[in-house]
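4 protein chains.
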Amino acid sequence: MDFRSDNVSGAHPAIIDAIAAANHGTAAAYGDDDWTRRLAQRFADLFERPVTVMPVATGTAANALALATFTPPWGSIFCHAGAHINVAECGAPDFYSGGARLVAIDGAHGKLSPAAVEGAIQREGDVHANQPAAISISQATEIGTVYRTDEIAALAEAAHRHRMILHVDGARFANAVVGAGKTAAELTWKAGVDALSFGATKNGCLAAEAIVLFTPPSPERPSELALRRKRGGHLLSKSRFLAAQLEAYLTDDLWLRNARHANAAARRLAVGLERALGVAPAEPVEANEIFIALGGAVANALRAAGFLFHDWPGIGEGGARLVTSWATTDEEVDALVGAAGRARGAS
Amino acid sequence: MDFRSDNVSGAHPAIIDAIAAANHGTAAAYGDDDWTRRLAQRFADLFERPVTVMPVATGTAANALALATFTPPWGSIFCHAGAHINVAECGAPDFYSGGARLVAIDGAHGKLSPAAVEGAIQREGDVHANQPAAISISQATEIGTVYRTDEIAALAEAAHRHRMILHVDGARFANAVVGAGKTAAELTWKAGVDALSFGATKNGCLAAEAIVLFTPPSPERPSELALRRKRGGHLLSKSRFLAAQLEAYLTDDLWLRNARHANAAARRLAVGLERALGVAPAEPVEANEIFIALGGAVANALRAAGFLFHDWPGIGEGGARLVTSWATTDEEVDALVGAAGRARGAS
Amino acid sequence: MDFRSDNVSGAHPAIIDAIAAANHGTAAAYGDDDWTRRLAQRFADLFERPVTVMPVATGTAANALALATFTPPWGSIFCHAGAHINVAECGAPDFYSGGARLVAIDGAHGKLSPAAVEGAIQREGDVHANQPAAISISQATEIGTVYRTDEIAALAEAAHRHRMILHVDGARFANAVVGAGKTAAELTWKAGVDALSFGATKNGCLAAEAIVLFTPPSPERPSELALRRKRGGHLLSKSRFLAAQLEAYLTDDLWLRNARHANAAARRLAVGLERALGVAPAEPVEANEIFIALGGAVANALRAAGFLFHDWPGIGEGGARLVTSWATTDEEVDALVGAAGRARGAS
Amino acid sequence: MDFRSDNVSGAHPAIIDAIAAANHGTAAAYGDDDWTRRLAQRFADLFERPVTVMPVATGTAANALALATFTPPWGSIFCHAGAHINVAECGAPDFYSGGARLVAIDGAHGKLSPAAVEGAIQREGDVHANQPAAISISQATEIGTVYRTDEIAALAEAAHRHRMILHVDGARFANAVVGAGKTAAELTWKAGVDALSFGATKNGCLAAEAIVLFTPPSPERPSELALRRKRGGHLLSKSRFLAAQLEAYLTDDLWLRNARHANAAARRLAVGLERALGVAPAEPVEANEIFIALGGAVANALRAAGFLFHDWPGIGEGGARLVTSWATTDEEVDALVGAAGRARGAS
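Protein chains in written order, with the working numbering: chain G, 6 to 352; chain E, 6 to 352; chain F, 6 to 352; chain W, 6 to 352.
Bear in mind the hints are in silico, worked out from the structure with no lab data behind them. The structure presented is a predicted model; accordingly, all values stated were derived computationally and were not measured. For glycine and all other residues, C-beta sits at the position ideal for the given N, C-alpha and C.
Derived contacts from chain E toward chain G, CB cut-off under 8 Å, selection only:
#1 Ser14
#2 Ala16
#3 Asn28
#4 Ala33
#5 Ala62
#6 Ala97
#7 Thr206
#8 Leu232
#9 Lys235
#10 His239
#11 Phe246
Working from the sequences, and respecting the hints, build out all of it.
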């Protein structure tokens, strides 16, 4: 029973089926196929307006390509200290942008505030300093919280005031949409978001993400994102298999059904652990992640019983991160809660 | 009937089956899974010695990462003017290496010669000039020929004499192995090759290539390739699905069976066209590509009849590139040959 | 007696005097000083219109910064195979642009032609290939010839037709102005030039060049060149000493007087050698460089007599490059001619 | 009277004299001249051992080139939050290293501690994170303090334990040597320093710094620093004028005499202001910079009286940075102290 991450789960059967279904006959390579072409309309429907959509196979690629398209080499990208781009991508945004600088900022609940960003802007307009280029937030955040639309709008307003763009790392965007009870449009361009890494892998795909631009890159370089993707080695030859995943992901709301399932599992787990241990999660459980101080004895007992999860020091003894996914079952949740309760009783 | 490229074909059913079979239970992300771990032994068996093997999803990524690992920003990479890295990757090697320079060299039959490379080395040891770092050859070449082992060994010898490495872009490596009648080991490290982009996508995978190093990177930076891959956004989270493809590809010689099929189809096509048109291919057909001057009328008639292929100007009127794959049927080949014969008769 | 290059000469005394004269009192650092401020007007006068002018200490920096400002990482820069940026800057344009690619083209008399450039453009608009960004020519060329204004205008027209800019590496711009008998304006923006590396070091400065833009960079990034210069480490703190050199260089036409002197010395040398050896220079002597096949015996004799110059293989036996400068004296020229004549008589 | 920075002062007359003296005859370009060659011995004498020494024209270039030589693109460079490389070089180290990341750390008195650095190292050995490559300290620091040799040794020990190098940004190295009362050797390699940006411009040169390596770069790339310098456009053609400055700077201890003068002026200013205002500097005055809360009225009065200095918010009302140089006179110091005393009396 594996709560290490949502990406330890496999792909939803509908995704595998879609890949198999796409595996008939020949199709033009490098995105010039019907599946990829249909994505434009699919994402236009999803976001209630035309968008630029470009599929890639990893979230790191989506983030780095999206940010590089708007960030010159001398730019600064403001993000939360715990942001995936800051701590878990081996400097991919730095690489793709040609050496732009990430400015890591702390903030409660894994969130950036406009004031904190503006406080971190230094020497704007001064040739000796990196210049503001982008704010990047994670939605859902890395600690399982979800930005409200007014929080996003305030960040977008701050970004645009300083001629920056607002990027959203949506590796868990579906979980955020479900958690916020808002539409994809409301959580993005309607609140001022310029670019989104639309994650799908963690929520049931095999390997598929989409870069979604609401604001086009420089009019002088209309193909910039496509060129950057190819140059980065992220244009798949048999592109239909990437598009087919995304198409199935959006069909019949699979993406929302998966996310609802994962979020519900997280809530069930949070409620169960609080009841069993008398300990509330360290952060609001608004998506599919729980951060909780299990206590050392309980944490050890769970590990001994075969439950897999990551340590999360700093929130108390036996601090743990528990992540649920589209594939997490009630039985798994209840088994963990039960084991935790027994361990606590024994201690 | 589609002869545009081998990457217009889908994936071999055994590859889809392997993906579906891997889709059970959870698995550690980012390559720390059983499927990925097994690749080390699989590739050691294949190459008859331990190697570094690192799967990625695209050939461009494989080439750029392999080359960047051995090429400093001020390095030169010597390649054929028609090399994929030179004309079809939007500068990916330049990007990944931090701005190294490709030196494009002409050569008969799509091949580099040691003399041509050495003639192109300028100002070795001179701080004003880019310094030799790598020779990169395509095997099979971009025009369907195959380097012999002695040709490879001579290039390796030249490379090492100038402290360069020899890299092989093996997007069609299986076709070369079959075409050459040699083992994978004989065509690589036994002939002095330092690094190989081991292609699998064109020959039946969905999206899977392997970077194979026979010579380790700098001892001071043992993890360089792994770090570069992550930083480039090419480390897949659900890595098992990449490894499962490669595993199935090597199982029961699927890779060789597919390549034998494709190469045989190309030969059948070449023989048929020569008989039907009285025109020999412009280059020896040693792998799965044919370059032939069909004549304008025949080319037009084939297009009108629905046959898809790329124009290849410069080899005569109606110059065409015809590529076969693991999925090309004798019926398709014979249909094209028949249509060509009829078109010629009519003209 | 040293004919190796114009940069083996020291600085003109007026330049040293100007530096000493600027060395009084304090001045704001990093270009916010009176000397630097005055350059805007000086260069506006010189070019008969407002320009962006930015001093740096080396020609390589000027070229790389100017080109990077207009060339995205996936861009191509078309230049002559013998261009300084291609063979003598260790890949500086590649580095500054983030990995753009130089496309080296041959051409008679060290010059590019529009047809040759257009023939080298491949896959324009194709995401798999580097995209046209700039044409860069050297004026005077690396072999001592000078582009006529109509030749420049034709290249500019070709550049702009493909949405490229035309850059001039003017390391020997003064020699070209004198050689062409045209104004600085006529040789640049009036003929369609977008950016100029205005050289001064070779022609009498200590270390001073100016990047001159006639076309501004992207309106979205008005400070791009200034930021790139700082980021490249090319913004001098005691900037007044750079500006003072350029100011003195332009005062009382010192730059033209120096170039006239150097060009005249080259002509005197060419005429003298032709008379003494019966051999004409291999290229028209339009600036301050002579390329001539001295014959092996003469070349050896000159070397033995202490004359310094570079071998220039490929133009005949005893091929040599002889460069004159603002400091070359008639005595030095005549001594070389005399020695050559004697050596020929003796052989 | 200008206390804005030490780089608002001109060059020491001996430096101008040395340039003028070097301006005779021709000399091979690009560092192959006698002046440049002599630097090896000069710096060997200075540091009591052979070193690699490479002159450049700016401190930003020295820092960026030195750091890039030891920092791979995926490396981390640990520095103080106030470090020049972090706040005042527009990302030059990021650019030269190919996108390495600066990790900014706070610390009392402008200094890094080993514990703070080790606390900032995250995910060492983890492919998802930038990997430790260098610690960079400023000596003297940006707030006028000086690292003691035991502090340096402790940092070097921490650096080497994590396979990092220790770099010193010595823009004010002379002031530190004087302030610490130690030799150049004691403050560098004897304490474990691997690379030094040896500043000279701020302390009396026109534009001259030297990169000094005590630890060679990778044995596989012995010329790496030289190639990086050329590629960055920092190899001057008339290199003798750079070397002549450094030679004069070291002759007869000019560098130490200048620094002693500047440091003494700073102390005189500190003592005077403390006496006049009853306010001690915010930081120990160990080199040539004073940070002091003048009070708003005094600050305003000084500005009105024509004294130039930079605001330094955060240390109290009227916070100011006052910098002295080799050219600061006792009269200037006393005038400022007198004006401050009068302003205080009036308020």
